[in-house]
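*Asks:* These are the residues of each chain, in order.
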Amino acid sequence: MYVAVKGGERAIRNAHAWLAEERRGDRSVAELSVAQIREQLSLAVNRVMAEGSLYDPDLAALAIKQARGDLIEAIFLIRAYRTTLPRFGASAPVDTGAMACDRRISATFKDLPGGQILGPTFDYTHRLLDFKLAAEGELPEAPAREASNEAVPHVTAFLNREGLIEDAPSDDTPPPDLTREPLELPAGRALRLQALTRADEGFTLSMAYSTQRGYARNHAFVGELRIGTVPVEVEIPELGFAIEIAEITVTECETVNQFKGSKTEPPQFTRGYGLVFGQTERKAISMALVDRALRWQELGEDNVGAPAQDAEFVLYHADNIQATGFLEHIKLPHYVDFQSELELVRKLRRDAGTDQCKVAAE
Amino acid sequence: MIDQNAPRKGWMGLMAKAPEGRVAALLDQATQRPAFTWLRAPEVGTVMVRGRAGGTGAPFNIGEVTVTRCALTLPGGEIGHAYIQGRNKADAEAAALIDALMQTDAADALRRQVLDPLEAELTAHKAHRAARAAATKVDFFTMVRGED
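These protein sequence lines map, in sequence, to chains A and B. The numbers in my numbering rise by one with no breaks, and the one at position 58 of the first sequence is 58. Positions in the second sequence are counted from 1; adding 1000 to them yields my numbering.
Simulated from the structure, these hints should not be mistaken for lab results. There is no bait here: all hints are sound.
Now the in silico label distances, taken between C-beta atoms and shown as ranges:
#, chain 1, residue 1, chain 2, residue 2, range
1, B, E1020, A, R23, 24 to 30 Å
2, B, F1140, A, E22, 48 to 54 Å
3, B, P1075, A, V29, 53 to 59 Å
4, B, P1007, A, V29, 47 to 53 Å
5, B, G1077, A, D172, 32 to 38 Å
6, B, A1120, A, L129, 39 to 45 Å
7, B, H1128, A, F158, 27 to 33 Å
Quick caveat, the model's predicted, so the values are computed rather than measured. No residue lacks a Cβ here, since even glycine has one placed at the ideal position from N, Cα and C.
Take the sequences, apply the hints, and build the full model.
*Replies:* As structure tokens, then:
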């Protein structure tokens, strides 16, 4: 039985008004602008763009402000907004080999064409709180050095020359899109990669970590991690040719995994892949590890029953908006559901009580 | 073979990636806006961005990017199109006007007053980042090794 109830409008209105006031905080403290969030909390903005699945730094910054810094709530706002927009088309796959790199490191080769470029990283910092940031001050300019315009080829490309690593041959099959068709299993790699690139960072990190700790361990090395900008090119039907319509920052991680060979594949290195909007390296590395774990079947590996090998478990629990939607709905009124449970438990107790009385009488 | 669309691809791509408000500002500095008729009024939408598995393999969807597009025609019949990153309708209008005007006698002046400065700014911005990246490039040196 479903019983509709009304009421609470005034309470809801007032709750939202108070929410707005709490969001603003102490009015004697200057209000944050969307531009300040975009420029100074850019890694939060990047996470919201990646998991919101919409590249627009201003919108992501606005969502963070509106959500009082609750990133999952901000991602929810972006996902909702995204559904209101018409889609003009799909881009040609971005060419990450031609990326203008802010950062490019390899954990497998010390000397490599293009070099090791650290970029604006937290690595090698001491993780000590910097109290200078609590005070306003002038920031010295970062050092610059003349850039050589040498190419920065993918690390896997030179392992590939020796045949030591599995190939990733080019292919132009149009990929499935889980924002248009519900995610169904078995999911091919293209669908898995789409689900992973927008997956919750925390969930993806934990899944990846589980593989490192031994659950479907696959000995991942970061063959290469690169962060930088790539142009986005789209074929425009009314023009009859492709043009660049945007430039975006992405993070790409390629793992190189030890592989002893299987019934179907020779001994060689295998690959995991991560590609995520924005400067989001923890997520991109995690994505690559989970991608590699999920590839057990196509590489002819054994299913050892590890969580990270279970596509259904990983893909159906990776989306934080689905998860939070289902989780948080249980706090909304379930008065009638609960009423029936209450009746049931009372009845069971009554029945049990009569039985006990009988036992006592005997 | 020379791609005859290359120049147009070049300026459309340049304007698509320009900072917010810049294209409109440069256009208004350069010339008075001509009369025009909308073929498609500015609309905000998205393009699904794709990548390739392993960087070179089969394509997959990463997520969408916001894009504003419009199309217009000048009294002389020239058609201007714009597809620009973000949600700024005024910038899309300016980009479509420039695209149309680049097909008229105004092309040389607009090249000098709008496109060249825009390109210079973009190049300077890229060079600024590239120089900072270059300064973080590691120069390895080998320490004296243990084996005698």
